[in-house]
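There are 2 protein chains.
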Amino acid sequence: MKEKLTVIKVGGKIVEETETLNRLLCDFSALPGYKVLVHGGGRSATRIASQLGIESKMVNGRRITDAETLKVVTMVYGGLVNKSIVAGLQAKGINAIGLTGADMDIIRSVKRPVKDIDYGFVGDVERVDAEALASLVRRNVVPVLAPLTHDGKGNILNTNADTIAGETAKALAAIFDVTLVYCFEKKGVLSDENNDDSVIPVLTPDLFREYVTKGIIKEGMIPKLENSFSAIDAGVTEVIITSASAIREKAGTVIKK
Amino acid sequence: MKEKLTVIKVGGKIVEETETLNRLLCDFSALPGYKVLVHGGGRSATRIASQLGIESKMVNGRRITDAETLKVVTMVYGGLVNKSIVAGLQAKGINAIGLTGADMDIIRSVKRPVKDIDYGFVGDVERVDAEALASLVRRNVVPVLAPLTHDGKGNILNTNADTIAGETAKALAAIFDVTLVYCFEKKGVLSDENNDDSVIPVLTPDLFREYVTKGIIKEGMIPKLENSFSAIDAGVTEVIITSASAIREKAGTVIKK
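Note that the protein sequences, when read in sequence, are chains P and U.
Using our numbering, read the first sequence as starting at 1 and increasing by one per residue.
Using our numbering, read the second sequence as starting at 1001 and increasing by one per residue.
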C-alpha cells in the first residue's frame, strides 16, 4: 500500500498577510504525514511591480510576463514569499525547503507558444521529477514550491500555481497515495455564490457538467475543476477544494471520479 | 581518505553581469568533484532598493538591514540572483539547488546584538548543518547558497557571503577534504596594489602579520584573510584567494597554516 501524501495549494492572498499566513503555517504544520505546499504570490508581485514602475498586464486572470515582470516574479515568488513561508515553517519545527522548478530540476517547462496572446515568459509544465521530490519527502523534508519553473536552457518561467500543484500531485501519485487540496477564499465550491454555506459536498464529472450547463459553476472555478478532474484521471486519489482555514478538517468540496 | 569538495564564493559583481556570470557558470561547471557555490548580490540589492525608494546604508562596508531592506535582500539574494544562477547551472548540466540558511535548516544564525552599531536584521552564523548539505552533495546535487540565514524563530537574516562560505567550509571539513576559494576582482592578494600581477603566492600567519604591519595588506582584505586562517584552523585543507576567471587553474594566493 502506498504511503499518504498531501499536496496543498494556497493562493497569494493567504500567504501575503501575516495573520492568515500564521494561521496557515499552524494548520499546515499540524497536518499528519508527508506533505508538499504550493503557493502563489500574485498580489505581492503586482504591488512590487507597481513600486518599480512596471505595469501588471493581465489577460483572463493570467499575468503577461515580460522580461522585467519575470525579474519581479522571480524575486517575489522565489525569494520574498517562498523564504518567508520556509522560515515560518522552520519556526514550527517543520523542516521545509523552498524550491522553484529549477532547483534540483524539479519541474521542467516549455515557454508557452504564442497563439492569440503572447503570455511572455510563461511556462507550460513538461515534467515533474517525482523521485527527486520523494527523496526529500522521505527524509521528512517538506517541499515548498514557488510558482516558477525552468526550461533547461537557463530561463526561469512564470507558471500558474494551480497547475504546479496539479502536475506535482499527478507525478507524485506514481509513488504516493496523494490527496490534492486547493485552498481559496470560500469553504468549497458553492451552489449559490451569495451563500457561503452552500458548499457542494461532492462533485463527479456528471455533476460538474450539469452545474456548468446550469451556470451554477462558472468563470475561474471551471479551469480549477478541470484541473482537479484531470488530476483524478491521472491517479490522484482525491481532490478537495476548500478554504485555507479548513485544511485540517479537510472539509469542502470533494472531487471524485 | 576524505572525498574532495570545493566551496567557491563569488561576489555580486560577477553574478550580476551576464557576461561574467556566463563565464563563471562555465568554469564552475567544469570543476571536477563535489562543489558548493556561495554568492553575493549587493549591487543588485542596492539598485533595486533604490528603485523602491529605500536608501542603502553601509557602515564599514556592511549593509544596515532594516525591515524594508530585509525584504529587498530576501527578494534579490534568495530569488533573483540565486535562481538565475541555479537555472544557468541546470542549463550546463549541473543539478544545482538554491538554498538560503532557512531551507532544510542549513544555516542557523542569531541576530547580531546591538553594540556600537545596530546592523538590524543581520545574522551571525551559529551552526551549519553539514550532514544535510552532504546528503545533497552525495547525490550530485550542487548547493548554491544565498547570503541569507534564519534564526529558527521565523526570521530571515542578512548574512555576509564571505562568512557563509567560511562557516560552510569549516562545517563540511568534518566530512570532506575541503578547498575554499574566495573569488574577487584581482588575481590574488597583491603585494603592490598598483600592479595586478604582484600576486603573493603563499600566505602563512607569520607572513600575513608581517604584511599587515608593513601596510601592504590592509582594509577589506584583512577580515577576508582572518576568515581564511580561521577556516584553516578549523580543518579546511586549503584556502585560495583568486579571481573568478582563474577558478579552474586554482591560481592566486594560497593560505596555509
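Hints should not be assumed to be uniformly reliable.
Claimed, not checked - Okay, the calculated beta carbon distance ranges per label pair:
(1) P/Gly220 <-> U/Glu1055: 37 to 43 Å
(2) P/Arg209 <-> U/Arg1139: 25 to 31 Å
(3) P/Arg43 <-> U/Glu1055: 24 to 30 Å
(4) P/Arg43 <-> U/Ser1029: 36 to 42 Å
What the hints assert, rightly or not - Far from chain P, some chain U residues (derived; all Cβ distances over 12 Å):
(5) Gly1033
(6) Arg1043
(7) Gly1078
(8) Arg1108
(9) Asp1116
(10) Asp1129
(11) Thr1163
(12) Asp1196
(13) Val1202
(14) Asp1233
To be verified - Covered by chain P, per the in silico footprint, the following chain U stretches (three or more residues, Cβ under 8 Å):
(15) 1008-1017
(16) 1082-1089
(17) 1176-1182
In case anyone wonders, no lab produced these hints; they're calculated from the structure.
Where a beta carbon is used, it is the ideal one built from N, C-alpha and C, also for glycine.
Status of each hint after checking the structure:
| no. | hint | verdict |
| --- | --- | --- |
| 1 | P/Gly220 <-> U/Glu1055: 37 to 43 Å | 41 Å, holds |
| 2 | P/Arg209 <-> U/Arg1139: 25 to 31 Å | 45 Å, violated |
| 3 | P/Arg43 <-> U/Glu1055: 24 to 30 Å | 26 Å, holds |
| 4 | P/Arg43 <-> U/Ser1029: 36 to 42 Å | 37 Å, holds |
| 5 | Gly1033 | 19 Å, holds |
| 6 | Arg1043 | 15 Å, holds |
| 7 | Gly1078 | 4 Å, violated |
| 8 | Arg1108 | 9 Å, violated |
| 9 | Asp1116 | 28 Å, holds |
| 10 | Asp1129 | 10 Å, violated |
| 11 | Thr1163 | 19 Å, holds |
| 12 | Asp1196 | 31 Å, holds |
| 13 | Val1202 | 38 Å, holds |
| 14 | Asp1233 | 30 Å, holds |
| 15 | 1008-1017 | violated (count 0) |
| 16 | 1082-1089 | holds (count 6) |
| 17 | 1176-1182 | violated (count 0) |
Hint violations for this structure: numbers 2, 7, 8, 10, 15, 17, all remaining hints satisfied.
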